[in-house]
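Undergrad: Residue numbers (the working numbering), protein chains in the order written: chain A, 1 to 233; chain B, 1 to 233.
No lab work stands behind these hints, which were simulated from the structure alone.
Don't take each hint at face value.
No copy labels: a pair is met if it fits in one copy or bridges any two.
To be verified - List time: in silico EDC-like cross-link candidates among lysine to aspartate or glutamate, alpha-carbon distance up to 20 Å: (1) Lys163 - Asp91; (2) Lys39 - Asp78; (3) Lys162 - Asp91; (4) Lys126 - Glu144; (5) Lys85 - Asp224; (6) Lys39 - Glu190; (7) Lys21 - Asp177; (8) Lys81 - Glu144; (9) Lys191 - Glu144; (10) Lys165 - Asp63; (11) Lys39 - Asp63; (12) Lys85 - Asp177; (13) Lys118 - Asp197; (14) Lys126 - Glu200; (15) Lys163 - Asp56; (16) Lys165 - Glu184; (17) Lys2 - Glu144; (18) Lys46 - Glu184; (19) Lys137 - Asp224; (20) Lys21 - Asp91.
In this text the structure is predicted, and so the values were computed from the model without any measurement.
2 protein chains.
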Amino acid sequence: MKAIILVSGGLDSTTVMGIVKSLGYDLYCLTFNYSQRNKIELELIKQNIVNFNPVDHRIINVDLSFLNTSSLVNKDLDVQKYKNKSEITKDIPNTYVPARNTIFLSYALSYAENIGAKDIFIGIHKSDSPNYPDCTKEFALEFENLANIGTSFVNQADDSDKKIKIHAPLIEMTKADIVRRGIELGLNYEKTISCYDPNEIGESCGKCISCLIRLDAFRNNNIDDLIPYVNLN
Amino acid sequence: MKAIILVSGGLDSTTVMGIVKSLGYDLYCLTFNYSQRNKIELELIKQNIVNFNPVDHRIINVDLSFLNTSSLVNKDLDVQKYKNKSEITKDIPNTYVPARNTIFLSYALSYAENIGAKDIFIGIHKSDSPNYPDCTKEFALEFENLANIGTSFVNQADDSDKKIKIHAPLIEMTKADIVRRGIELGLNYEKTISCYDPNEIGESCGKCISCLIRLDAFRNNNIDDLIPYVNLN
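I would like the entire structure built from these sequences, with the hints used as guidance.
TA: Have a look at this one:
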């Protein structure tokens, strides 16, 4: 069975790869280069992914140069920083990239149809859902509806075994649950990065929303996060 | 009011631009370079679009190099040709590009959110709906649902005036209806191209599904299609 997986250089999609591998799928992985501020993830994923022996791994260039509202793409904006996790509200932060997961899943859908796969996996989860509208369970379900209507799968949609499925295996998990599941699966997170704003030598900032959620997740599991950080006072 | 319009070099999206202009919108147009066989449309659209005076026109590169099932992208495949329009069945032809409109609308959605627009226009129509699953009314409606759930519009979705809308103004029209509407609007189609497989000097083949539907539409309106064709015997 073929599984398409959206993989960044982060720990969520690394955990998804571990889960999908444990289910016996063949892995077809897609990574997106959208000129993100954290471009080091594109190097780390190449090192990390060899542990999962995918059949195919592609880095797809996505042109989002028109975006100026997102600090992940527009380098003139500062990434929002917080003193600690309790400062994070439910607002959409400026690190939100409009329609990013819709774009990524659209490519995955095209790729799936091309190779005859019907299982697409995405690492969205409960700790991101409150802040990012494209990281919710409702979003994944709605994309699945669209996928079955807007592709050649439409001719098979009456048979649920032949429908295309958007799997979000982490959607009921917090970041701490994800780390716990990864440890159970024997995964190593040392070649992952979650920071939105790492410095030039690849150290994570420790103060962006993504760092704070990651650090809290490791702390909750009483284990050390062994990637390099700056400014952790 | 800002309107985002997906524009190729074809007559459908040209008609959409005419309609949207007549409604008083400011035009923000997106064209996609996906290494399509018909790359001449990317030159023609630049000549054609000046008639509509858009606020912005961007050509976005879309990497579909992984696709090998579509003859519009994989040059090793021959574009399906027909003796005449009656030979066209309701099957999905090999010119189908998996999830193409999902990808294009995803970019439009991101762009819309970035500039604060809530009206996206796409030129899908009744003559394409039977052959292409991403050219149906159901597809457009489903994408609209997704757009309102997976973006910052989700916080406003209770107020229908604040929802994002996917407009498909041609969806109830055949190609002949579209040409008729274009003539009413005073549009000139001489700088458009519909052919999937034009030759090196830009002449349309006259035998692909898109040429046959276009030629039939002009014939139905008793007017000449003044673009260059080969092989019209």
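Undergrad: Give the relationship of Lys81 and Glu144 under a CA distance limit of 20 Å: within one copy only, between copies only, both, or neither.
TA: neither (34 Å within a copy, 33 Å between copies)
Undergrad: From the Cα coordinates, with 20 Å as the cut-off, is the pair Lys21 and Asp177 best called within, between, both, or neither?
TA: within (18 Å within a copy, 52 Å between copies)
Undergrad: Within a copy, between copies, both or neither: where do Lys46 and Glu184 come within 20 Å Cα-Cα?
TA: For Lys46 and Glu184, neither the intra-copy (23 Å) nor the inter-copy (56 Å) Cα distance is at most 20 Å.
Undergrad: With 20 Å as the alpha-carbon cut-off, assign the pair Lys137 and Asp224 to within, between, both or neither.
TA: neither (30 Å within a copy, 52 Å between copies)
Undergrad: Given identical chains, is Lys165 near Asp63, meaning Cα to Cα at most 20 Å, within a copy, between copies, both, or neither?
TA: neither (26 Å within a copy, 23 Å between copies)
Undergrad: Regarding Lys21 and Asp91, is the shortest C-alpha distance of 20 Å or less found within a copy, between copies, in both, or in neither?
TA: neither (35 Å within a copy, 36 Å between copies)
Undergrad: Is the C-alpha distance from Lys126 to Glu144 at most 20 Å within one copy, between copies, in both cases, or in neither?
TA: Within. Shortest intra-copy distance 19 Å satisfies the 20 Å Cα cut-off; inter-copy 24 Å does not.
Undergrad: Within a copy, between copies, both or neither: where do Lys39 and Asp63 come within 20 Å Cα-Cα?
TA: So Lys39 and Asp63 pass the 20 Å test inside a copy (14 Å) and across (19 Å) alike.
Undergrad: Quick one: Lys165 to Glu184, C-alpha cut-off 20 Å, is that within a copy, between copies, both, or neither?
TA: neither (26 Å within a copy, 45 Å between copies)
Undergrad: How would you classify Lys163 and Asp56 at a CA-CA limit of 20 Å: within, between, both, or neither?
TA: neither (23 Å within a copy, 39 Å between copies)
Undergrad: Regarding Lys118 and Asp197, is the shortest C-alpha distance of 20 Å or less found within a copy, between copies, in both, or in neither?
TA: For Lys118 and Asp197, neither the intra-copy (35 Å) nor the inter-copy (31 Å) Cα distance is at most 20 Å.
Undergrad: State whether the alpha carbon distance between Lys85 and Asp177 is at most 20 Å within one copy, between copies, both, or neither.
TA: Classified as within; 17 Å inside a copy, 58 Å across copies.
The structure fails hints 8, 9, 10, 13, 14, 15, 16, 18, 19 and 20 (numbered hints given earlier, in ascending order).
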